[in-house]
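Peer 1: Please construct the entire structure, taking both the sequences and the accompanying hints into account.
Here the protein sequences come in this chain order: A and B.
Mapping of the first sequence onto this note's numbering: residues 1 to 279, in sequence order.
Mapping of the second sequence onto this note's numbering: residues 280 to 733, in sequence order.
Calculated directly from the structure, the hints in this document are not laboratory data.
Backbone N, C-alpha and C define an ideal beta-carbon position, used for all residues, glycine too.
Where hints are given, some of them may not hold.
[Said to hold, decoys possible] Computed list of lysine-lysine pairs in DSS-like fashion (alpha-carbon distance at most 30 angstroms, straight line): (1) A:Lys31 with A:Lys179; (2) A:Lys92 with B:Lys723; (3) A:Lys166 with A:Lys92; (4) B:Lys719 with A:Lys246; (5) B:Lys720 with A:Lys179; (6) A:Lys220 with B:Lys331; (7) B:Lys517 with A:Lys220; (8) B:Lys719 with B:Lys403; (9) A:Lys220 with B:Lys301; (10) B:Lys425 with B:Lys723; (11) A:Lys246 with B:Lys301; (12) A:Lys92 with B:Lys720; (13) A:Lys179 with B:Lys723; (14) B:Lys547 with B:Lys652.
[Stated by the list, open to error] From chain B, some residues computed to sit far from chain A (all C-beta separations above 10 angstroms): (15) Glu590; (16) Tyr592; (17) Gln637.
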Amino acid sequence: MSNVILFNLTTVLFGVASALYIGALYAKNEKIAVYGTWACVLAAVVSTAALGLRWYESYQMGIGRIPVTNLYESLVFFAWSVNLFYLVVERKYGSRTFGAFVMPIAFATMVFAVYNDSSIQPLVPALQSYWLHAHVITCFVGYAGFAVSAGAAFMYLLKARQEEAKISQGVVGLLPGCKTLDDLVYRAIIWGFPFLTAGIITGAAWANYAWGTYWSWDPKETWSLIVWLVYAAFLHARVTRGWHGKRAAILSIVGFLATIMCYLGVNLVLSGLHSYGGN
Amino acid sequence: MADERQAPSPMDRVWDFFISVKLAIVTLIVLAVASIFGTIVEQNQPPEKYHKIYEDWAYDLMDRINLFDMYHSWWFLLLLVLFTVNLTCCTLDRFPKVLKIVRNPRTKLDETLEKTLSLVDRWKKKGTLPEWSSRYVEAVASTFAKPRVTEEGGQVHLYAESGVASRFGVYVTHLSIIIIFIGAILGNVLGFKGYVNIPEGEAVSQVPVRGGSLLQDLGFTLRCNSFRVETYPSGQPKAYISDLSVIEGGREVLRKKDVVVNDPLQYKGIWFYQSSYGQAGGTTARVSVSRPDGTPVGSLSIPPNEPIPIEGYGTVRGVNYDENFQGKGPALQVVVEKPGKPAADVWLLQGRPDQDRQRNDSLVLSFGGLNSKMFTGLQVAKDPGVNIVWVGCTLMVIGIIMAFFLSHQRVWMRLAQGQDGRVEVVLAGSASRNRLAFEKKFEKIQTGVKAVGQ
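Peer 2: Okay, structure coming up:
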């Protein structure tokens with residue numbers, strides 16, 4: 001199927017972008033990173049086309065549905081969101097060094113996707129609902145925000161260690177200042193948090209419409225709540241107790257680990273209602 | 280002075296404990312960590328299953344701390360109560376203060392306030408105080424927001440603000456959580472959740488309540504007219520479809536022919552959700568009986584291996600079924616026994632209703648296919664609190680957006696007649712959030728205001 005070919009091309013582009021961004025850091029050459037940005041933009045175009053094409057192909061197969069319904073599709077959609085979120089951040093903060101830390105997340109996600117079944121399967125009755133669209137899109141935009149935040153948090157920890165040691169050479173020296181990174185850690189979370197909240201709520205509304213209970217402590221639901229609680233703690237610590245820097249960065253990384261557990265771990269390790277990763 | 284302050288009373292200490300954000304952060308983290316256990320240990324399984332997984336001592340320990348139904352255990356509920364009390368106290372403590380600030384804003388830019396602000400600009404203008412103050416009122420209104428004017432001690436103060444709602448975002452969010460909890464409690468107390476299987480053609484007026492042996496009266500009767508499964512060409516299930524009727528006072532008051540997953544039936548606040556299905560009872564074969572001249576006599580429903588009598592004739596017993604008998608399609612094997620005669624063994628092909636004429640008997644049998652009776656499995660729920668929960672959820676999203684995406688921005692101006700006959704002007708501003716963005720906005724206000732009267 002041609003959509004899969006485009007997704008494979010996207011994977012290559014993400015890999016190229018990651019390599020260019022990392023290469024630019026090591027070579028200390030901003031020009032290389034500019035090519036990285038172009039690779040990201042191209043990847044955004046190709047992956048958007050691929051999603052559209054996959055959607056269209058599903059209609060041609062007589063099972064028309066949005067392409068976010070199994071593990072393969074959710075992975076490519078996550079990578080798509082991370083890439084777009086990243087491009088916005090790059091433009092807004094005017095620094096391409098983030099790419100070296102965020103784009104590998106998108107690349108790794110696509111590589112993982114390639115190893116999963118990419119065929120278009122019809123929707124089982126439980127997933128045939130308009131809530132599916134709202135639920136999946138809000139959740140993944142939230143996840144993408146948290147991924148960007150964790151990438152920035154990782155950069156912050158590297159940068160802070162160097163600043164403590166009062167050296168400003170090497171690769172880390174090229175990273176944006178601690179203040180900018182710290183700000184991005186926070187800002188990406190305040191974008192991710194309302195989307196996650198909306199994702200949990202649309203999931204609850206859907207569950208209530210599908211089987212009459214908006215909350216049943218299913219492992220997936222519970223993990224989404226855990227993620228929500230961690231970021232709620234982060235925001236309280238940040239806004240009212242002035243948690244900045246290292247502690248905030250570590251909490252952001254913990255939050256992202258919980259996000260990964262919620263997104264993949266629950267399906268691969270635990271059992272529950274969201275079976276898309278279980279087969 | 281320190282010695283003038285009284286030691287806090289025990290009540291104050293309790294209050295201080297409950298209004299602390301530290302407690303909130305700790306509770307959030309503890310709730311998060313505790314929730315993990317319930318996802319690792321499968322919840323609400325039969326004891327036998329746990330015994331297979333865990334050693335006896337581990338089982339006893341886990342059972343004692345309610346790990347098998349953790350989210351309803353006393354200690355988890357206690358955590359939720361602590362969370363709610365903390366949330367409520369924080370709100371009660373801080374909300375009045377914020378309300379006071381919002382209601383009585385500092386409309387005058389005095390020296391003390393000025394010192395706390397980082398965005399300050401000052402200049403002088405030739406002219407009179409009333410002349411400039413009216414010009415600047417207009418300028419602030421057009422570049423930012425309509426200002427309030429206070430005149431005091433020969434000075435004129437302008438004050439304008441925007442995004443006040445941002446101050447309330449956090450309280451809207453907190454309130455929304457309390458509303459969701461209220462809705463959840465109402466639903467638990469006043470509603471019920473149940474599950475019922477209804478075979479095709481049958482009806483129920485009571486349903487078993489989940490987690491108990493009680494039966495809940497519906498107040499009406501629900502009948503399952505039919506149930507069917509639709510499949511995709513590949514054989515995967517496409518839809519589970521129940522045809523349901525609500526019967527009240529002996530009359531059908533509502534019928535929904537396509538109750539499917541994600542499209543429930545609702546009547547008088549009780550919802551029925553398509554949830555499962557299965558075979559109800561055994562399979563029967565449809566056999567129609569007619570005279571050789573074609574006049575129908577009747578039809579039989581034949582269960583496997585059970586002689587079914589036909590009056591004045593004998594008995595018919597279904598003994599075998601073949602989906603594709605000798606390549607001629609589905610067929611039923613029956614044994615016909617008549618008093619005083621040897622039993623006749625016949626294969627009735629579904630595709631050839633006249634085949635039995637070969638027997639040259641007084642009656643002709645023909646096979647019309649298999650009948651398998653299905654039942655539909657329905658989740659039943661009544662939840663009078665659910666709409667309150669949705670109100671809470673909506674408020675939560677609004678509250679979070681208010682709290683993180685709005686910013687309370689304030690701009691002050693002070694005008695005074697200087698010694699040299701010129702008007703001394705001070706412009707200052709502050710924002711509760713996203714100060715970088717406000718700095719840019721402030722620059723625009725600055726240029727806009729300064730351009731006046733040039």
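Peer 1: Confirm or reject each hint.
Peer 2: Verification of the supplied hints:
no.	hint	in the structure
1	A:Lys31 with A:Lys179	25 angstroms, holds
2	A:Lys92 with B:Lys723	20 angstroms, holds
3	A:Lys166 with A:Lys92	28 angstroms, holds
4	B:Lys719 with A:Lys246	29 angstroms, holds
5	B:Lys720 with A:Lys179	21 angstroms, holds
6	A:Lys220 with B:Lys331	25 angstroms, holds
7	B:Lys517 with A:Lys220	24 angstroms, holds
8	B:Lys719 with B:Lys403	23 angstroms, holds
9	A:Lys220 with B:Lys301	28 angstroms, holds
10	B:Lys425 with B:Lys723	16 angstroms, holds
11	A:Lys246 with B:Lys301	18 angstroms, holds
12	A:Lys92 with B:Lys720	17 angstroms, holds
13	A:Lys179 with B:Lys723	25 angstroms, holds
14	B:Lys547 with B:Lys652	29 angstroms, holds
15	Glu590	46 angstroms, holds
16	Tyr592	46 angstroms, holds
17	Gln637	45 angstroms, holds
The structure is consistent with each of the numbered hints, conforming to all of them.
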